[in-house]
Amino acid sequence: MQTFIGTKIIKAEPRDKNYGPPEHHGEPGYTVVYPDGYTSWSPKAAFEEAYRPSDGLPFGLAVEALKKGRRVARAGWNGSGMFLFLVPGSTFKVNRAPLLGIYPEGTEINYHSHIDMKTAQDTVVPWLASQTDVLADDWQIVD
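The numbers in UniProt numbering rise by one with no breaks, and the one at position 132 of the sequence shown is 132.
Since the hints were derived computationally from the structure, they do not count as laboratory data. Don't be surprised by glycine CBs; every beta carbon is placed ideally from N, CA and C. Hints may be right or wrong, so weigh each one.
[Claimed, not checked] Cβ pair distances, simulated, as ranges:
| no. | residue 1 | residue 2 | range |
| --- | --- | --- | --- |
| 1 | E13 | L128 | 35 to 41 Å |
| 2 | V125 | Y103 | 19 to 25 Å |
| 3 | V134 | Y34 | 26 to 32 Å |
Work out the full structure, taking the sequences as your base and the hints as a guide.
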């Protein structure tokens, strides 16, 4: 069999099972609502093996959230309105400096996906992770 790994962003709340054979009523678990609105119930152990709260994430899961179009921030940034977001790749035609000094006008440029930061000063800057950022487990999804 092939091995799989999943990274879904879902909403959930604890809820004991209240359907199926009566001997299973009261079994601890979670009601899970998926992004498409589908709702299911998951046993507590299976749920807790697969999911964690969206605050206190490691950097890798923060990157997965960025790839899904979400904004992320370190815990210490939250009060200042700072967050990261993924800028998707695109193409554009050269029409102004400084690129006019490098390429002829009209040259089509591939603009690769990258991560930008919205700063506390309400500006946007390119962002690169430090080793501290990469090893931190305090990343959170910002709605």
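Enumerated hints in conflict with the structure, sorted upward: none
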